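Enquirer: Listed below, chain by chain, are the residues.
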Amino acid sequence: MREDPRLRYGGDYNPEQWPAQVWRDDVDLMRRARVNLVTVGVFAWSRLEPEPGRYTLDWLDEVLDLLHAADIQVVLATPTASPPPWFSLAHPDALPVTADGVRLHHGSRDTYCAAAPAYRAAAAGITGVLAARYATHPAVALWHVHNEYGTSCHCRHTEVAFRRWLAERHGDLDGLNDAWCTSFWSQHYTDWAQIGTPRATQYLPNPGQLLDFRRFWSDTLLAAYTEQRDLLRAANPRVPVTTNYVLGDWVPVDHARWAREVDLVAVDHYPSAVDIRAEQQSALGADLARGWARHGDPDGTGAWLLMETAPNLIYTPGGRMHTKEPGRLLRHALGHVARGSLGAMFFQWRAPRGGAERFHSALVPHAGADSRVYRETVRLGDALARLAEVRGTVEARIAVAVDAASSWALRHPGLPSPHLDHHEEVAAVHRALWRAGLSCDVTVGGDRLDRYALLVLPAHYLVDERTAEWVYAHVHGGGHLLATYLSGVADAHARVHLDGYPGALREVLGVRVEEFHPLADDDEAGLSDGGTARIWTETVRLTGARPVATYTGGPLAGQPAVTRHRFGAGTAWYLSTRPDDATYQRLVTRVAGHAGVGPVCPGAPAGVEAVRRRGPGASWLFLLNHTDRTQRVPADGVDLLTGATVVGGVDLPAGAVAVLREPTG
Amino acid sequence: MREDPRLRYGGDYNPEQWPAQVWRDDVDLMRRARVNLVTVGVFAWSRLEPEPGRYTLDWLDEVLDLLHAADIQVVLATPTASPPPWFSLAHPDALPVTADGVRLHHGSRDTYCAAAPAYRAAAAGITGVLAARYATHPAVALWHVHNEYGTSCHCRHTEVAFRRWLAERHGDLDGLNDAWCTSFWSQHYTDWAQIGTPRATQYLPNPGQLLDFRRFWSDTLLAAYTEQRDLLRAANPRVPVTTNYVLGDWVPVDHARWAREVDLVAVDHYPSAVDIRAEQQSALGADLARGWARHGDPDGTGAWLLMETAPNLIYTPGGRMHTKEPGRLLRHALGHVARGSLGAMFFQWRAPRGGAERFHSALVPHAGADSRVYRETVRLGDALARLAEVRGTVEARIAVAVDAASSWALRHPGLPSPHLDHHEEVAAVHRALWRAGLSCDVTVGGDRLDRYALLVLPAHYLVDERTAEWVYAHVHGGGHLLATYLSGVADAHARVHLDGYPGALREVLGVRVEEFHPLADDDEAGLSDGGTARIWTETVRLTGARPVATYTGGPLAGQPAVTRHRFGAGTAWYLSTRPDDATYQRLVTRVAGHAGVGPVCPGAPAGVEAVRRRGPGASWLFLLNHTDRTQRVPADGVDLLTGATVVGGVDLPAGAVAVLREPTG
Amino acid sequence: MREDPRLRYGGDYNPEQWPAQVWRDDVDLMRRARVNLVTVGVFAWSRLEPEPGRYTLDWLDEVLDLLHAADIQVVLATPTASPPPWFSLAHPDALPVTADGVRLHHGSRDTYCAAAPAYRAAAAGITGVLAARYATHPAVALWHVHNEYGTSCHCRHTEVAFRRWLAERHGDLDGLNDAWCTSFWSQHYTDWAQIGTPRATQYLPNPGQLLDFRRFWSDTLLAAYTEQRDLLRAANPRVPVTTNYVLGDWVPVDHARWAREVDLVAVDHYPSAVDIRAEQQSALGADLARGWARHGDPDGTGAWLLMETAPNLIYTPGGRMHTKEPGRLLRHALGHVARGSLGAMFFQWRAPRGGAERFHSALVPHAGADSRVYRETVRLGDALARLAEVRGTVEARIAVAVDAASSWALRHPGLPSPHLDHHEEVAAVHRALWRAGLSCDVTVGGDRLDRYALLVLPAHYLVDERTAEWVYAHVHGGGHLLATYLSGVADAHARVHLDGYPGALREVLGVRVEEFHPLADDDEAGLSDGGTARIWTETVRLTGARPVATYTGGPLAGQPAVTRHRFGAGTAWYLSTRPDDATYQRLVTRVAGHAGVGPVCPGAPAGVEAVRRRGPGASWLFLLNHTDRTQRVPADGVDLLTGATVVGGVDLPAGAVAVLREPTG
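Chains as they are written, first to last, in the UniProt record's numbering: chain A, 1 to 665; chain B, 1 to 665; chain C, 1 to 665.
Treat the hints as calculated values from the structure; they're not laboratory data.
All of these numbers come straight from a predicted model, not from anything done at the bench.
Hints are not guaranteed to be accurate.
Across the chosen pairs, the derived CB separations fall in these ranges [said to hold, decoys possible]:
id, chain 1, residue 1, chain 2, residue 2, range
1, C, Asp28, A, Gly319, 57 to 63 Å
2, A, Glu168, C, Pro317, 38 to 44 Å
3, A, Gly530, C, Gly558, 53 to 59 Å
4, A, Arg277, B, Thr630, 51 to 57 Å
5, C, Gly125, B, Asp191, 53 to 59 Å
6, A, Arg566, C, Glu325, 45 to 51 Å
7, C, Arg466, B, Arg31, 54 to 60 Å
8, B, Gly128, C, Asp93, 39 to 45 Å
9, A, Asp521, C, Gly125, 44 to 50 Å
10, C, Asp93, B, Ala520, 31 to 37 Å
Some chain A residues near chain B, calculated using beta-carbon distances under 8 Å [claimed, not checked]:
id, residue
11, Ala44
12, Arg47
13, Glu51
14, Gly53
15, Pro84
16, His105
17, Gly318
18, Arg320
Glycine residues also receive a C-beta, built at the ideal position from the N, C-alpha and C atoms.
Build the full structure now, drawing on both the sequences and the hints.
Expert: So, in structure tokens, the structure goes:
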């Protein structure tokens with residue numbers, strides 16, 4: 001993105017939904033709120049190219065000029081996430097097909113197969129036109145390719161592309177048969193033409209096929225992205241290019257791998273909980289984004305951009321839209337900035353009258369500017385302006401490893417429990433760290449670990465030889481490790497390592513797990529340290545490790561639940577179950593303490609989130625009071641939001657935020 | 001229907017399921033029970049036309065003659081709700097297709113697409129044959145077209161017809177694009193051929209398309225009906241024509257609009273609750289029927305006919321068949337007569353040995369005539385005979401507005417809560433009125449309101465300019481209004497009115513709603529009058545109205561929940577949530593009292609339903625004791641069922657009914 | 001199976017999943033565990049015939065020779081349950097189709113339609129090749145055709161075959177129309193071509209069509225089996241042939257009818273409960289197997305073989321794999337032997353690294369031979385060797401009738417309750433007998449009853465004339481009968497018997513049921529003997545019977561719930577509801593006592609299962625302590641497992657088993 005000392009502030013702006021007279025009101029309202037960046041064109045294809053090859057760009061010219069005149073920069077999107085109706089009509093073979101063979105139809109968004117040649121050609125076409133026209137427009141600060149890549153398909157084009165991808169990955173059919181264990185259930189392939197996508201089948205599907213299908217889609221969507229990126233770069237190499245990640249276990253995208261292909265990691269984040277877990281989810285989302293950014297650019301600061309969040313609502317899993325309490329909009333936004341976002345962008349600027357998302361929240365709601373939400377919008381703009389000096393990275397000495405392939409493999413049928421979930425385990429340990437006041441980074445197998453005292457592997461199911469070496473080297477060299485159940489059980493093809501779980505990590509952990517004992521939904525196991533555990537237990541035999549906590553009651557009474565093992569110069573902890581939040585918090589505090597890592601702000605009360613950004617020669621302490629009462633937090637510095645000088649401690653009102661420039665030296 | 005002083009009594013009679021020797025037994029049993037009207041032929045197509053163009057009508061001749069000889073009139077049905085197997089085999093293109101593209105097959109009933117030309121031709125064919133043969137048969141009192149119109153389809157024929165309908169509705173593509181807000185998600189259409197039915201798609205569908213698809217089906221089914229009706233009328237204009245409405249939110253039929261095309265509103269009613277709500281549902285069903293009848297014939301008495309109900313069972317949502325308690329059959333039947341039905345008709349006469357509905361209840365059950373059910377059948381026939389003098393309309397000064405389009409629009413995805421339901425809100429306020437002993441009529445936007453003191457709009461989501469004027473005029477002229485949450489939020493295309501909810505009703509209500517706060521499933525809000533509320537709350541700003549009750553606790557504590565606004569000569573109340581039943585009952589009592597409307601039978605105990613029918617020069621008070629103990633009800637008159645004279649009050653035994661001819665003058 | 005004095009012990013062995021060097025380890029481990037029988041080749045088609053017509057059998061030669069050399073016999077399977085990928089590619093028309101019309105694809109197992117000619121031809125081909133090569137191999141003790149027959153399909157081949165089958169069953173269309181009651185809903189057929197399989201349809205399907213479709217599939221799968229069997233027999237008539245039954249209400253297989261076509265009934269049994277119900281389910285599974293065996297061979301001992309069970313896990317309905325407690329593997333195995341199994345076979349020998357069932361439990365788990373499971377495997381082998389002398393049949397004087405067609409018919413839509421389930425009712429009364437310590441056999445309508453004092457009909461919904469005569473003769477001749485609700489209600493075409501339920505059994509039971517009163521999910525009815533009842537109640541009128549217990553409270557208060565009727569020389573009890581387990585236990589104790597039948601081991605404490613096998617001149621008492629404490633059981637004999645002599649009683653430790661050779665004379 002173009003250099004700009006300001007924090008970015010704005011959101012998706014869809015002028016095509018409104019008559020031109022509204023545009024000027026929009027710009028006025030944006031200026032009142034200090035908005036300085038808007039995303040334009042995400043779903044505008046049918047307006048930009050109403051018929052194949054006929055382009056109507058004048059309105060976009062006018063919008064960009066208008067924004068530029070108001071000193072508002074533009075994230076210009078390619079509109080390829082929603083091909084126009086004429087495309088669907090002309091290319092029915094490019095419509096997506098489900099595993100059941102149902103052809104999906106136009107009527108929503110994303111009704112295309114990204115492996116269909118006609119789609120790719122049309123996408124390149126409109127991207128080329130936009131690149132030619134706008135690559136040097138002074139308003140354009142960033143290209144935004146597509147929107148929330150995340151679809152898959154089972155059409156004939158997909159089948160062909162999948163086979164080609166498999167041939168490249170496995171070399172020959174022997175390789176594939178071996179990787180997929182096709183000797184089970186007589187699935188041995190003797191011709192590439194016999195291989196299809198994992199369509200609806202009679203009974204349990206092949207796990208290797210499922211896993212490769214996810215990987216194939218991550219690579220295929222990435223190719224669709226890079227195709228556009230390269231066209232845009234060719235038109236003007238100085239404008240950076242990104243795409244907005246959408247989070248969720250269902251997305252067949254390996255975000256870490258994609259991070260190497262974007263100029264800036266941009267993330268859409270929509271929490272699903274309405275209580276304090278919303279803030280914990282936001283913190284995790286931000287840490288993931290920063291981790292991916294660093295994975296893509298190991299020498300960078302991990303800067304990233306929150307590209308979308310809902311200003312004033314939280315979508316709950318049951319389909320209800322929860323309205324955020326007053327002040328929460330600002331607190332969420334500053335929480336993201338605290339964790340490295342270059343600013344705060346929202347979906348969307350102005351609420352539409354109709355369309356599928358007519359009730360999605362907006363900075364300018366249906367009620368218009370005379371509304372609480374727009375007033376909070378203005379207040380946030382003011383706050384962000386006061387934080388312009390903040391830079392640098394988040395201070396953290398703990399790294400939590402995430403692994404897309406593990407999350408996919410743990411969603412397969414035929415596992416010992418229906419409740420296995422890599423992302424849930426990541427979230428559980430991240431929540432424990434958050435509650436303990438411990439900052440962490442997210443990391444990916446193979447990344448540099450030299451800045452970290454403690455590495456955490458939460459249900460890192462797939463561990464191949466290279467990843468195992470990465471873990472062993474960290475511990476052997478003096479690092480600390482906390483691995484949770486199911487880590488290291490299988491190899492990169494999801495084949496179980498034999499001779500005892502957790503195969504690849506047996507030696508470093510000093511344990512050998514012989515049998516799994518997944519718990520029933522309403523069952524819990526007691527722990528000797530007073531806590532309880534859920535979801536999973538197992539028979540841990542010690543082969544060098546010492547017990548730290550044992551199970552109480554049940555078939556495993558008296559047997560180890562948590563263990564610790566000296567390995568080389570380091571220590572490896574193993575957690576064979578999922579403890580309750582309070583127990584988990586105590587455990588990570590203990591493990592981190594053992595590794596010499598303490599909380600960001602010792603003495604901060606529960607419910608106050610503390611994050612430190614450290615830049616060249618300065619540091620800033622973000623304090624977010626998520627509770628409903630005033631909290632005393634021990635801290636020193638100057639609060640950028642109020643200008644007040646804080647000595648020894650600050651009284652943070654309920655729901656309030658302070659950003660302290662800390663004393664140097 | 002032919003003039004007949006008697007109340008109608010009978011049900012669906014399917015002689016084609018039985019050998020001819022049973023027919024005579026049937027007629028004997030009918031006569032013993034005073035049955036005077038039966039519906040014949042509903043599902044007899046494959047017996048009437050076993051091969052295309054070959055008709056076997058002799059058996060029907062014989063049945064009609066037999067019935068006529070026994071003075072039993074006939075509702076003669078066209079059998080088009082279940083085309084014979086030969087039709088499905090010959091016209092696979094006329095089989096219905098689901099949104100997923102699954103072609104449904106023969107094997108049940110209603111396996112046709114009403115937009116398929118072959119189906120329409122075949123339906124016209126058999127109807128023409130029946131019209132020619134039976135239009136002047138002396139037994140035929142009423143034509144019954146088809147059965148429970150309510151199917152939809154996504155086949156190619158539908159697609160073509162849908163486009164034609166859209167062109168007529170919207171004029172041109174600009175109109176359609178505007179109505180559907182296709183600027184959202186790049187759905188702008190440039191050719192009619194691009195538009196399909198709302199098939200399975202990738203993500204959220206377009207609300208405008210969904211709403212128009214429902215309207216299209218209502219009109220298409222209506223055209224299928226009128227096609228048959230016109231053939232029947234042409235054969236003998238003196239025999240009236242109807243079709244039996246099936247209730248349920250899933251039915252793509254605007255019953256009010258259809259009421260103008262039938263000669264008599266006929267309704268099938270199947271309650272789903274087994275406790276007192278069954279009786280409340282029956283009362284609502286009857287009031288709906290009467291409201292539609294009056295909408296279709298504003299100068300009439302609102303007479304209608306209960307065409308089907310289950311004699312002795314209630315289908316529960318979980319799939320269980322609840323057996324009605326003794327006496328309930330009669331009480332349900334008289335409850336419908338109290339509310340304007342010309343009689344009581346049941347599905348069906350004799351329980352079949354097999355077929356899909358072999359356990360559906362019947363007046364003659366599997367056990368035969370030596371059974372409690374048949375004995376209750378005889379008893380009901382006796383009771384109905386005693387009520388022959390009852391006529392006139394139901395006395396009511398409250399009108400509750402229903403709106404099919406609102407109910408459809410509130411079922412769309414992307415709304416702020418998954419629990420929005422126009423019919424549920426209608427039922428909730430109707431239940432409150434029922435509990436308060438207040439009679440109401442059902443009305444439809446635009447209907448005459450001069451007889452009503454109070455108009456109720458329950459979640460009347462769609463309010464266009466014309467409907468708004470109708471409401472404003474009522475209140476301005478001195479009427480009272482009670483509108484509940486989500487009324488007036490959107491226009492006829494389901495596009496949100498801007499600048500504050502409830503857009504179209506802001507001025508008359510004197511409020512401006514800025515934000516919605518839908519409640520979680522297990523959440524409730526407190527109300528300052530001691531009640532509780534569920535499902536929905538919102539931020540109500542007063543712009544002229546006064547608060548009547550406020551929220552207690554939660555994010556809206558102290559803010560208005562119920563308001564009242566003087567507007568012109570009238571008063572408009574706004575209810576921003578769904579109160580519990582007792583609170584709602586108190587509220588409607590208060591609002592009605594303010595409007596000068598009191599209960600039908602002041603002093604009637606809870607659980608005793610009171611309805612007054614008023615005809616020329618006389619009135620009848622129906623009293624139904626739904627409780628399990630004797631209840632004292634203050635009333636005067638002569639009980640038509642017992643002949644007893646009542647002065648000052650009557651002791652109604654548990655479950656009993658009294659119908660008092662009230663003293664005149 | 002070849003004569004062999006030993007109990008059989010082993011499981012599925014899949015050498016094709018492992019390199020040849022592992023085979024020798026396998027044989028060593030088998031010998032250490034005294035394994036003497038393994039099933040080979042079940043899913044090996046793609047290894048045996050990697051391309052159409054090219055056979056690679058050398059590896060199988062080597063495996064059989066290796067096993068034979070180690071004195072391990074082989075159950076040789078035809079691999080037809082999983083055609084290779086080349087087959088699916090070459091014959092897409094042979095892939096199965098769901099009721100929705102979805103074509104299932106290769107990727108699991110069982111992706112074929114058994115009615116497709118190409119599939120049948122290919123299956124016969126590979127079977128012929130195996131027969132030619134191995135029919136006289138000395139290792140081969142038994143042929144195992146296919147695996148767990150249980151698929152169905154709706155493709156065109158199926159449609160054609162279904163029509164052919166219907167023509168044979170019903171003779172002509174009149175017969176079919178009558179059987180299916182096609183007069184309901186205008187389904188009268190006039191041409192065979194009009195009839196299809198019960199595909200997805202608009203509303204409730206035809207029950208006659210559904211029932212015949214199940215019967216058709218049972219016969220079609222049986223034809224697929226016998227085709228292979230005949231080929232195998234032709235190659236060597238001395239090697240017996242079987243197939244492994246899979247239990248479950250969803251399986252369209254009438255196992256009783258199939259029993260006449262197998263040389264040995266072989267059953268796969270997977271309990272679904274984790275508590276004591278697992279043992280009760282196992283007991284029922286074993287009794288079913290023995291009952292089928294005797295139905296197939298009325299003069300035999302009812303010997304059968306447990307072909308598959310999971311060594312160390314229980315699959316729970318929610319998808320969790322429960323790990324069995326120590327000792328339970330052995331107890332389950334001996335429980336099956338107690339009830340007539342010739343041995344204990346498991347799925348599978350060695351846990352695979354990958355494939356869909358990579359976490360299914362195995363005798364040699366992922367952890368290898370140094371594991372609790374393998375040690376229990378060795379212990380079981382030792383125990384089985386000690387029981388070699390046990391033979392003869394199970395002693396039982398109670399017969400419980402099962403009926404596949406009743407179980408299918410009670411799964412149809414349109415029944416009065418969604419909770420009707422023949423198998424559940426069988427299980428409920430079997431559990432009551434189990435708890436009461438009463439042994440029973442399973443029987444099938446028409447089987448010889450001379451050895452039984454008491455016949456039980458649990459929800460035997462379909463009773464035709466022949467079956468009714470069978471019941472009447474039993475009771476008339478002095479036998480006892482216990483029939484539960486819904487028995488005898490319908491005929492073989494699922495058409496309701498008229499004039500009062502339970503039609504076909506009214507006279508013998510001396511009752512007439514007029515109305516059903518199914519209970520709501522959370523409802524229960526009180527019984528006058530202190531118990532409670534669920535699911536179902538009904539209005540029982542006495543027409544000769546005497547009340548034994550009545551309902552208390554509810555609409556049926558004071559009316560009969562359980563009745564008893566003298567009929568001829570016998571007594572018939574009727575149970576109109578489903579009592580709780582304790583009440584049911586008391587009831588069967590009383591009914592059995594009335595019939596002169598007492599428990600196997602009077603005085604055995606609750607939770608100790610006692611089964612007696614009686615052979616020529618000797619008897620063996622199996623005692624299984626399923627509780628978690630030592631139990632004293634009154635008994636005498638020599639414990640074959642320990643060699644200890646028991647006089648007067650034995651102290652069975654928690655979870656332990658004793659098998660006593662009882663004193664003779």
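Enquirer: Do the numbers back the hint for A/Ala44, that is, is its least Cβ distance to chain B under 8 Å?
Expert: At 6 Å from the nearest chain B Cβ, A/Ala44 passes the 8 Å test, so the hint holds.
Enquirer: Could you tell me whether the CB distance from A/Arg566 to C/Glu325 stays inside 45 to 51 Å?
Expert: Violated: the Cβ-Cβ distance is about 34 Å, outside 45 to 51 Å.
Enquirer: Does A/Glu51 meet its interface restraint, that is, does its C-beta lie within less than 8 Å of any C-beta in chain B?
Expert: Holds - the Cβ of A/Glu51 comes within 8 Å of chain B, reaching about 6 Å at its closest.
Enquirer: For the hint 31 to 37 Å, verify it against the beta carbon of C/Asp93 and that of B/Ala520.
Expert: violated (51 Å)
Enquirer: Can you verify the interface hint for A/Gly53: is its Cβ closer than 8 Å to any Cβ in chain B?
Expert: A/Gly53 check fails; min Cβ-Cβ to chain B is 13 Å, beyond 8 Å.
Enquirer: CB of A/Gly530 to CB of C/Gly558, is that within 53 to 59 Å?
Expert: holds (55 Å)
Enquirer: Take a look at whether the Cβ-Cβ distance between A/Glu168 and C/Pro317 falls inside 38 to 44 Å.
Expert: holds (41 Å)
Enquirer: Is it true that the C-beta distance of C/Asp28 to A/Gly319 lies inside 57 to 63 Å, as the hint says?
Expert: Once the Cβ atoms are compared, 59 Å apart, the range 57 to 63 Å for A/Gly319 and C/Asp28 holds.
Enquirer: For A/Asp521 and C/Gly125, compare the CB-CB distance with the range 44 to 50 Å and indicate the outcome.
Expert: holds (47 Å)
Enquirer: May I ask you to test the interface hint for A/Arg320 with respect to chain B, counting a Cβ-Cβ separation under 8 Å as satisfied?
Expert: OK, holds: A/Arg320 within 8 Å of chain B, min 5 Å.
Enquirer: Would you settle whether the hint for A/His105 is holds or violated, based on the nearest Cβ-Cβ distance to chain B being less than 8 Å?
Expert: Constraint on A/His105 satisfied, holds at 4 Å.
Enquirer: Would you check whether A/Gly318 satisfies its interface hint, that is, whether its CB is within less than 8 Å of any CB in chain B?
Expert: holds (6 Å)
Consistency with the previously given hints fails for numbers 6, 7, 10, 14, ordered from lowest to highest.
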